[in-house]
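Novice: Here is how the chains run, residue by residue.
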Amino acid sequence: MNRRVVAALVAKDIRLFFRNRLFGLVTVLGLVVYVGVYFGMPGSVDEDLEIGMYAPVVPPAFEEMQPDGVKLETVESEEALLLAITDGEYPAGMVLPADIMQKFDAGLKPEIDVYLWADSPAEVGEAVEFLVTELSYAQTGQPLSVQVLQEVLGPDMLDRQIPARDRMVPFFAVLILVAETFGMASLISEEVQRGTVTALLVTPVSVPGLFVGKGITGVCLAFVQVALYAVIIGGMESQPAIVLLTLLLGAVLVTGVGFFVAALGKDLMSVMAWGVVAMVVLSIPPVSVMFPGAVSGWAKVIPSYYLVDTLHQVAIFGAGWADVWRNLLILVAFDLGIALVGVATLWRKCR
Amino acid sequence: MSIRRVGVLLRKEFVQGPKNFIFIYGVVAPLVISLVLSLVLGSLFSEEPRLGIVDEGGSELVALVEAVDSLEAREFDTAADVKGAVAKGAVDVGVVLPRGFDAAVRQSVPTEITAYIWGESLAKSRAIVDVTLADLTRDLAGQEAPVTVRFTMLGKEGVPWEDRMLPFIMLIAVVFGGAILPATSLVGEKQGRTLEALVVTPTSLGDVFLAKGLVGVVLSFVVTVLLLAINQAFGSGAGLLLMVLVLGAVMAAGFGLLLGAAMREITTLFAVFKMIGVLLYAPSIIYLFPQIPQWIGKIFPTYYLVQPVVEISQRGGGWADIAPDVGVLIGLDVLLLGVVVLVVRKAQQYEV
Numbered sequence: 001m002n003r004r005v006v007a008a009l010v011a012k013d014i015r016l017f018f019r020n021r022l023f024g025l026v027t028v029l030g031l032v033v034y035v036g037v038y039f040g041m042p043g044s045v046d047e048d049l050e051i052g053m054y055a056p057v058v059p060p061a062f063e064e065m066q067p068d069g070v071k072l073e074t075v076e077s078e079e080a081l082l083l084a085i086t087d088g089e090y091p092a093g094m095v096l097p098a099d100i101m102q103k104f105d106a107g108l109k110p111e112i113d114v115y116l117w118a119d120s121p122a123e124v125g126e127a128v129e130f131l132v133t134e135l136s137y138a139q140t141g142q143p144l145s146v147q148v149l150q151e152v153l154g155p156d157m158l159d160r161q162i163p164a165r166d167r168m169v170p171f172f173a174v175l176i177l178v179a180e181t182f183g184m185a186s187l188i189s190e191e192v193q194r195g196t197v198t199a200l201l202v203t204p205v206s207v208p209g210l211f212v213g214k215g216i217t218g219v220c221l222a223f224v225q226v227a228l229y230a231v232i233i234g235g236m237e238s239q240p241a242i243v244l245l246t247l248l249l250g251a252v253l254v255t256g257v258g259f260f261v262a263a264l265g266k267d268l269m270s271v272m273a274w275g276v277v278a279m280v281v282l283s284i285p286p287v288s289v290m291f292p293g294a295v296s297g298w299a300k301v302i303p304s305y306y307l308v309d310t311l312h313q314v315a316i317f318g319a320g321w322a323d324v325w326r327n328l329l330i331l332v333a334f335d336l337g338i339a340l341v342g343v344a345t346l347w348r349k350c351r
Numbered sequence: 001m002s003i004r005r006v007g008v009l010l011r012k013e014f015v016q017g018p019k020n021f022i023f024i025y026g027v028v029a030p031l032v033i034s035l036v037l038s039l040v041l042g043s044l045f046s047e048e049p050r051l052g053i054v055d056e057g058g059s060e061l062v063a064l065v066e067a068v069d070s071l072e073a074r075e076f077d078t079a080a081d082v083k084g085a086v087a088k089g090a091v092d093v094g095v096v097l098p099r100g101f102d103a104a105v106r107q108s109v110p111t112e113i114t115a116y117i118w119g120e121s122l123a124k125s126r127a128i129v130d131v132t133l134a135d136l137t138r139d140l141a142g143q144e145a146p147v148t149v150r151f152t153m154l155g156k157e158g159v160p161w162e163d164r165m166l167p168f169i170m171l172i173a174v175v176f177g178g179a180i181l182p183a184t185s186l187v188g189e190k191q192g193r194t195l196e197a198l199v200v201t202p203t204s205l206g207d208v209f210l211a212k213g214l215v216g217v218v219l220s221f222v223v224t225v226l227l228l229a230i231n232q233a234f235g236s237g238a239g240l241l242l243m244v245l246v247l248g249a250v251m252a253a254g255f256g257l258l259l260g261a262a263m264r265e266i267t268t269l270f271a272v273f274k275m276i277g278v279l280l281y282a283p284s285i286i287y288l289f290p291q292i293p294q295w296i297g298k299i300f301p302t303y304y305l306v307q308p309v310v311e312i313s314q315r316g317g318g319w320a321d322i323a324p325d326v327g328v329l330i331g332l333d334v335l336l337l338g339v340v341v342l343v344v345r346k347a348q349q350y351e352v
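From first to last, the protein sequence lines stand for chains A and B.
First residue of the first sequence: 1, per the working numbering; consecutive thereafter.
First residue of the second sequence: 1, per the working numbering; consecutive thereafter.
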């Protein structure tokens with residue numbers, strides 16, 4: 001295998017890739033859109049239910065026994081409370097009567113007004129009612145006979161919750177990688193159809209050299225873009241070496257898939273058709289990060305699971321080499337297997 | 001122009017079409033996108049706490065929990081199942097109600113239950129589940145609440161995200177089926193040189209354009225109707241809505257034919273679609289964000305399709321409400337079809 005020839009092949013393929021208006025545009029536009037969406041989404045999670053309260057007299061239980069995750073914030077007047085709710089500061093607010101303590105002491109039922117913003121989520125109204133009632137039980141000295149013992153499963157993420165945009169990062173990473181598969185597959189398929197692959201083989205380019213050249217082009221295109229995305233969104237802050245290695249393995253994976261898709265497709269249309277199938281399959285594991293519990297254990301048979309899981313573990317839970325080496329090893333095995341199948345299928349077609 | 005030949009071409013398009021990727025994509029993509037968006041909007045941005053519950057002794061608490069709005073309850077068979085669901089994040093909190101739970105609560109016998117909490121669940125979700133369970137347990141015990149809560153709603157209810165997405169999803173169906181299909185079909189015929197072969201037969205270029213345009217109109221119309229039905233967005237004026245959808249499909253098909261006539265390569269066509277896609281979808285994007293002045297949408301032609309559909313399906317509007325916009329839509333259709341006719345005539349003059 002001649003290195004100079006392989007380098008020339010890579011340079012030619014990259015030029016051809018960007019000469020294709022569709023893939024050139026998708027490459028640039030895709031990155032801009034994914035970065036835009038990421039920064040357009042909230043970067044923090046609103047963990048607490050904040051409720052406005054106007055109370056001339058605040059019962060001690062309402063002040064001292066608020067459960068974690070609920071904040072009763074007192075305002076100066078009923079008018080201020082209504083204004084704050086209509087301004088979207090609170091989804092709901094309550095007004096406690098001035099004689100609330102006297103009524104509690106006399107065994108009477110005070111009336112508490114709860115104001116709800118019409119756009120508030122449906123669960124808020126009833127949640128506030130339950131909260132007010134529970135605090136009132138506590139104030140009137142009526143303990144619950146049931147004691148609830150709490151056991152947290154997995155790392156407790158209180159005060160360090162994962163924003164939705166960070167849950168979407170593995171999904172975007174897979175989309176960026178797969179988009180390059182389309183371009184690579186289309187380039188190869190075009191070369192096979194036009195017979196330029198066969199023409200190349202009568203030059204000093206060897207068969208291994210040809211596939212290595214195509215492979216390097218595919219990996220470079222996919223890796224550079226996804227790594228750039230990771231840098232821009234700050235994905236390299238934790239364990240950059242693991243992140244880069246994982247993305248590189250992801251790029252190898254989609255290049256192997258690209259070879260396979262190129263072998264199946266006859267033209268741009270069929271490449272896109274098969275590419276969409278590959279994209280859908282590879283995008284299933286990221287769904288399990290976006291919607292925890294939505295995807296069952298069978299998603300582990302999809303290679304992108306190990307890419308997504310590693311990125312998620314590293315970025316969100318600060319996992320290190322000891323935590324993710326198994327994932328990386330499995331990903332390497334998948335890479336080798338898929339690349340071999342891809343090259344074999346493509347070579348069979350070229351012959 | 002021969003109706004019989006157009007019919008033959010149409011038949012060919014419908015028989016061969018389902019083998020074409022774009023045809024399948026035009027049908028499947030809008031439906032899948034619609035389902036995915038419903039899932040995303042229903043789950044990704046929902047903060048409704050999810051409670052998993054195992055009932056080992058026929059507790060009445062399960063029915064009470066299932067009836068409340070403050071959380072979403074899901075029943076599991078065994079403690080291991082609910083624990084597994086919590087560990088995976090399928091539910092925020094999981095509880096196991098032991099045998100004799102109701103009797104113990106009613107007799108005020110001190111009872112302990114374990115709540116499994118998903119580490120990534122929000123503090124407010126845990127709090128809501130906690131107070132909801134406590135309050136319902138008191139109901140079960142027959143305790144009388146020490147307060148009366150009165151509710152007052154403030155403000156006007158906004159348009160939910162699912163409804164705001166409707167124009168966007170609808171435009172995907174209209175553009176995919178109505179515009180992209182005729183355009184790719186025409187460019188494909190040009191690239192494969194089958195268009196040249198066709199026009200040396202008695203078939204005219206007008207026949208070909210009409211057949212491809214009709215396929216676009218039919219596909220766009222059928223998929224859009226299907227989408228609106230799935231999203232239960234027909235409103236009260238189904239007849240009016242169908243009329244608007246036909247006009248929208250004609251606009252999309254006219255636009256697709258023009259693009260197909262102008263482009264020579266499929267990759268260029270897709271690149272152009274990518275670039276101008278923003279303009280086509282702009283009214284639906286503006287509708288997504290009520291903070292943006294809504295008059296801006298009127299600059300874009302697809303506004304005159306989106307607006308009547310929103311008016312009928314979401315606001316219960318009638319003919320009087322949509323007449324001006326439909327008038328503009330008809331005008332746009334006539335204009336586009338006029339340009340298509342001119343393009344066909346010019347192409348016929350020089351032969352393809």
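No lab work stands behind these hints: they were computed from the structure.
It should be emphasised that the depicted structure is a prediction, and the values quoted were computed from it without experimental measurement.
Backbone N, C-alpha and C fix where the C-beta goes; we use that ideal spot for every residue, glycine too.
Errors might be hidden in some of the hints.
[Unchecked claim] Just some of the chain A residues that point at chain B, by a computed CB distance under 7 angstroms:
1. Glu64
2. Glu79
3. Leu83
4. Ile85
5. Trp117
6. Ala118
7. Ala122
8. Val132
9. Glu134
10. Ser136
11. Thr140
12. Gly154
13. Met236
14. Leu264
15. Leu268
16. Pro292
[Stated by the list, open to error] A few chain A residues that don't get close to chain B, going by computed Cβ distances all over 10 angstroms:
17. Arg3
18. Val5
19. Lys12
20. Val26
21. Gly36
22. Ala55
23. Thr74
24. Pro121
25. Val146
26. Leu149
27. Gln193
28. Val197
29. Val276
30. Val301
Novice: Please verify that the nearest CB of chain B lies beyond 10 angstroms from A:Gly36's CB.
Specialist: holds, 12 angstroms
Novice: Run the C-beta distances from A:Arg3 to all of chain B and say if the shortest one exceeds 10 angstroms.
Specialist: Label holds. Min Cβ-Cβ 31 angstroms, cutoff 10 angstroms.
Novice: In terms of Cβ atoms, is chain B entirely out of 10 angstroms range of A:Val301?
Specialist: The claim stands: A:Val301 keeps its Cβ more than 10 angstroms from every Cβ of chain B (closest is about 17 angstroms).
Novice: A:Lys12: least C-beta distance to chain B exceeds 10 angstroms?
Specialist: Non-interface label stands for A:Lys12: nearest chain B Cβ at 18 angstroms, farther than 10 angstroms.
Novice: Given a cut of 7 angstroms on the nearest C-beta pair, is the interface hint for A:Leu264 held or broken against chain B?
Specialist: violated, 12 angstroms
Novice: For the hint on A:Leu83, just tell me whether its beta-carbon gets within less than 7 angstroms of chain B.
Specialist: The hint is violated - A:Leu83 has no Cβ within 7 angstroms of chain B, the shortest such distance being about 10 angstroms.
Novice: Please verify that the nearest CB of chain B lies beyond 10 angstroms from A:Val146's CB.
Specialist: Contrary to the label, A:Val146 does not stay out of reach of chain B, its closest Cβ about 5 angstroms off (not over 10 angstroms).
Novice: Under the criterion of a CB-CB separation shorter than 7 angstroms, is A:Ile85 in contact with chain B as hinted?
Specialist: holds, 5 angstroms
Novice: Hey, does the A:Thr140 contact hint survive, CB to chain B under 7 angstroms?
Specialist: This interface hint holds because 5 angstroms falls under the 7 angstroms limit.
Novice: Can we keep the A:Trp117 interface hint, with Cβ of chain B closer than 7 angstroms?
Specialist: holds, 6 angstroms
Novice: Tell me if A:Pro292 is really an interface residue toward chain B, meaning its C-beta lies closer than 7 angstroms to one of theirs.
Specialist: With a closest approach of 3 angstroms, the A:Pro292 hint holds.
Novice: Confirm or reject: A:Ala55 is not an interface residue toward chain B, with every Cβ-Cβ distance exceeding 10 angstroms.
Specialist: Consistent with the label, A:Ala55 stays out of reach of chain B, its closest Cβ about 13 angstroms off (over 10 angstroms).
In terms of the numbered hints stated before, the structure departs from hints 1, 2, 3, 13, 14, 20, 24, 25, 26, 29, listed from lowest to highest.
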